[in-house]
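Chemist: Keeping their order, the protein sequence lines are chains A and B. The numbering of the first sequence is my numbering, which starts it at 1 and goes up by one. The numbering of the second sequence is my numbering, which starts it at 1001 and goes up by one.
What the hints contain is simulated information worked out from the structure, not anything from laboratory work. Mixed in with the good hints there might be a few duds.
Claimed, not checked - Under 8 Å between C-beta atoms, here's a sample of chain B residues computed to sit facing chain A: (1) 1048; (2) 1169; (3) 1260.
Unchecked claim - Here are the simulated DSS-like cross-link-like pairs (lysine-lysine), alpha carbons at most 25 Å apart as the crow flies: (4) A:89 with B:1254; (5) B:1182 with A:86; (6) A:86 with B:1230; (7) A:230 with B:1182; (8) B:1182 with A:73; (9) A:106 with A:35; (10) A:32 with A:46; (11) A:73 with A:31; (12) A:270 with A:106.
By construction, the Cβ of each residue, glycine as well, lies at the ideal position given by its N, Cα and C atoms.
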Amino acid sequence: MPTLESLIDKVKAAVTPEVIACTACKAEFPKKQLKKANMVCPACGKHLRMDARARIAATVDAGSFTELCTGLKSEDFFSFPGYADKLDKAAKATGEEEAVVCGAAKIGGEDCAVFVMDSGFIMASMGSVVGEKITRLFEYATEHSLPVIGFTASGGARMQEGIVSLMQMAKVSGAVKQHSNAGNLYITVLCDPTTGGVTASFAMQGDILIAEPGALIGFAGRRVVEQTTKSKLPDNFQKAEFLLEHGFIDAIVERNDLPAALGNLLKLHKKQTEIA
Amino acid sequence: MTAYEKLKAARGSRRPTGAAYVDGIFHDCMELHGDRRFGDDAAIVGGIGWLDDQPVTYIAIDRGTDIQSRMAKNFGCPKPEGYRKGLRLMKQAEKFGRPVICFVDTQGAFCGADAEERGQGQAIAESIMEMMNLRVPVISIVIGEGGSGGALALASANRVYMLENAVYSVISPEGCASILWKDAAKVEDAAEVLHITADDMKNLGVAEDVIKEDFNDFPTMCQGIRETLKNDLANMQQMSPEQLQQNRYERFRKFGIYGERA
Ligand SMILES: [Zn+2]
């Protein structure tokens, strides 16, 4: 039986729906409407940030996702100021174990392994657990001859884990290479924002690199570059369109076109014996 | 010495730079220039030389020794073309079955608009991935500062050594202090909590061993490094190319400190 209070809350919520303002055009939309639009602004087309579960739901075939590589827990092994608290808050805010969700799924009817980074979790910075989960996913995909589709969004390596986080870059890169050596396909979808040590490792190691429109993708932070360069940077600096222009990504694909595009790419890379 | 004192020592202006180790350890070297794609980055010197009677490929980040050379070398902050030159020389070494010896000394990869335009992230990502896969022995020595991804791009090796006052870090202590405490002056605390010293690296398994420094007798110090390299290579040359790849994979596969959920 719902209580009277909860019913009142429900009515209130229905009357005054939670709104989200587009970060680009500032237009406000009910949260529900934006979520239904996969967080693409109905007014200007801006691709707003999206959590990992919503991303999975928007991308893979309904009901096809099986989560893998779970059960790991980050540790504050250097007693780094504020880290334990940050981990707690991130887990509560996102409901996730860590900043990446991994699993097996189908896209356009094709089997694949998927990882999705969640920038709501400490900017999806890469510590031991993120590195380990992605490494395990690549090992799983190699073992099962599955393509990997990876959605990257990250502030880079997680400084709270010091040098151990840097080592994750080489660990994941090794697993990516073994997966590649076995003839498997790896597609990265670069989402806003993909920076630092993630850009300098598995984000850029795909056979095919796709970006979402307007996504920030770079190695160094814009502010640091500005200080070094001492001149005005172009407005689209480090944006997906800038990378396309300079030859560093294959294509920019809108979010709502991704399932079809990824499904087609998976079919294009099916081993000829499987197609026959 | 505190972590911060070691950081200062690692950055010391009179400390030998990459090129000095190449000269001190190898003989009859020939420097090879350029990435064959864009240019030649002076921050990375690479080439072929002799480790006693054995041909090796060397790749060294060099900070320069005076103001002119430091400017030309961007103070040892490589650009994408530097990493691409390094990778070109590594693949060449692989073709001819030569071991690769890297000397790492950088605050980090260069952070400029031109470097971003030419794919700094992509250049490092490719260097790390291909280095992990090389079919020849790879040894890296951090001789000064090992700054983040820009250092790892030349340190994804079978064996990694730290000079006694060298440091290795995921972020500069200055950068960490300004993010964490909004105060770059807290660099000493940041250096401590980041665990950047040679001993930290040995304890964490990030480095196999620590090499004693003796810059007053640099030739003898280089002789010691030469012996270490020869010993390691003698062991690694017993391994097949596949074993070398697997050895490197397993070396990095083990990194990660985490718990299991109930
Ligand atoms: Zn908008």
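Chemist: Hint by hint, say whether it matches the structure.
Modeler: Comparing the hints with the structure gives:
no.	hint	result
1	1048	violated (25 Å)
2	1169	holds (6 Å)
3	1260	holds (6 Å)
4	A:89 with B:1254	violated (28 Å)
5	B:1182 with A:86	holds (17 Å)
6	A:86 with B:1230	violated (46 Å)
7	A:230 with B:1182	holds (22 Å)
8	B:1182 with A:73	violated (28 Å)
9	A:106 with A:35	holds (22 Å)
10	A:32 with A:46	holds (17 Å)
11	A:73 with A:31	violated (31 Å)
12	A:270 with A:106	holds (13 Å)
The structure is inconsistent with the numbered hints 1, 4, 6, 8, 11, although it conforms to all the rest.
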